[in-house]
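Listed below are the residues making up each chain.
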Amino acid sequence: MATQTLTSPARSSTSAAKLRQPRKKMTAGKAAVLAVAAILAVLWLVPFAWATATAFKSEGDAAAPKISWIPPSGFTADAFVKVFQDGNIPLWTWNSLYTSAAITVITLAISALVAYALSRIDFRGKKVLMTVIIASIIIPPPVLIIPLFYQMVALHMIDTSWAIILPQVIHPAMVFVLKKFFDQIPRELEEAAVMDGASRMRIFTQIILPLSRPILAAVAIFVFISAWNNFLWPFISTNDGSILTLPVGLQTIKSAYGIQYAQNMASALLAALPLILVFLFFQRQIIKGVATTGLAGT
Amino acid sequence: MSSLATSESAEQAPSLPGQPRRNPSRNNQPGKSPSSTAQSSPRRTRDNLNGWGFAAPFLAFFLVFLVWPLLYGLYMSLTGKSLTGANDSLIGLANYAEALADADMWHSLGNTLYFTVISTVPLVLVALVMAGLVNVGLPAQWLWRLSYFAPYLLASTVVSLFFSWMYNPQLGLINDALAKIGLPKVGWLNDPNVAMWAIVIATLWWTVGFNFLLYLAAMQNIPAQHYEAASLDGAGAWRQFFSITLPQLTPTTVMIVLLQILASLKIFDQVYQMTAGGPSGSTRPVVEYIFETGFTGYRLGYSAAISYIFFGLIVAVSVMQFFITRRRSA
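In order, the protein sequences belong to chains E and L.
Just so we're aligned: the first sequence equals residues 821 to 1118 in the working numbering.
Just so we're aligned: the second sequence equals residues 53 to 382 in the working numbering.
To be clear, the hints were calculated from the coordinates, so they are not data collected in a lab.
Check the hints yourself; a few may be wrong.
Some chain L residues flagged as far from chain E (calculated, every beta-carbon gap over 12 Å) [claimed, not checked]:
(1) Gly144
(2) Leu145
(3) Ala149
(4) Asp154
(5) Trp158
(6) His159
(7) Gly162
(8) Leu165
(9) Ile170
(10) Pro191
(11) Asp243
(12) Met248
(13) Ile308
(14) Pro331
(15) Ile342
(16) Phe347
With a straight-line cut-off of 25 Å between C-alpha atoms, the simulated DSS-like cross-links for lysine-lysine are [to be verified]:
(17) E:Lys1108 <-> E:Lys902
(18) E:Lys886 <-> L:Lys237
(19) L:Lys318 <-> E:Lys1074
Even for Gly, the Cβ is constructed at its ideal location relative to N, Cα and C.
With these hints in hand, go ahead and build the complete structure from the sequences.
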């Protein structure tokens, strides 16, 4: 589009070769790209590597004034053993797991239902409802923490998992992600069912939902990750050590362990492990899920 | 914004200018198949019931955990309510007047804006570079995606632990590396001039992978023919990047910048965990100030008022963005 001239016959023949094998062109340029990408990747992996190296040191080596990747007195799993004996990390992981799962399930259920209504049913007040939900995307969660906290106190839910779960199930942006997807499902698919007099609920569960698996998975992934990593609200709504989620629990460990660097890094790594493992297994789905819902978020 | 329901496009036809409307009664609901117009009244009732029925569960949560707190927060901001229960009475706009004269509030608001300004540029540019590199067709795509994106999956607490350790003035990896190349040690988290940049670096590492993914997805949607045509014309890699990739990415870039600004304005976690707002308030963002006035200062009403000032800022930014994007797409 930019340079239309200058196409000598010799050039275009090499370009034709390029077309067949676009990956093989410009080895020097490609080497440079590879080098820059590799430098960035190494920079991005250093914090993981350094945390791992530290976690496998003795506390003495970790706090030694001379920095070493390979500790003088050898690697040890002591820090991990201590963290495990402490027992908190497994408990908090479980708490994070079931609160995030509950948030994801409830969010999916209520969002898919309302998205279906907005996509397919013509009811009075639909436009108003749609406008209100769109407008609410703008509300930043930190604005709500003070009244929400007060509300939870009034409902006697402070220090229960309900306090963590319930306020996190409203994702107006996800309603629109779902609605957009439902909009694209051809109506003809439902017509036969309508002729047979199937109820809306039946059409929803037996036609729409099965066709929407990719977007439901994408929304689920997005909601789960944000619930798993949410800090501010669980931090405010819970104090009871037995229901803390992983991010909030870690924050208490940080002050409890103080300068126990190896233990700090061991618990951080243990906390990071579940999502990283899940990512390794479901890389494609997670990337697709975050990319679709992330951009559609507004 | 709500677009392309098959019903809506089917409805467009009869209402085209110059054509007579097919059903001039007030029953011409969008989305109705023509066959249903005759028996529309019972159907309409059924649609109303169904519609609100399907919306009801979401609506219940929406009203209780979003609309109510939003309105109640507004009410609280007009009272002297405190966590200890004293003084529930309305005091008008006194909290707002106090907040507007509160140097700490302005300072925290300034910190939030400063962070937003200095973090958005690298968070967009580095993401673009990463996506551009990977999109050229590097081998082992999973490796690059894993390295760049994995930090996004971490909780803020994990990120803060990692970076507090690396920023440690005496034992930290970063100062050690600086010393090796003959540079002086830096008080990453305790020097008021540096601390915010330290937060930006940690945030960049943590969240750039999200923007990277959005860019990569957008780049992979650019039709290959564009590049084929360009390379037939002899355009090199750089030329192709600047003449094809970047222009094609404009809507994505606008979107990412907007999302990033809104996300950066809400910063709290990593600051609270790494510096607790210090040294001497130099990193304290407005969300932390809301948290502190409410939960350690016990002044819920005052805290709510600051929340609404912050909300006003977000609304202002969003409205600005709305008009900017609208002009672009128009």
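Check each numbered hint against the structure and report the violated ones by number, ascending. 10, 13, 15, 16, 17
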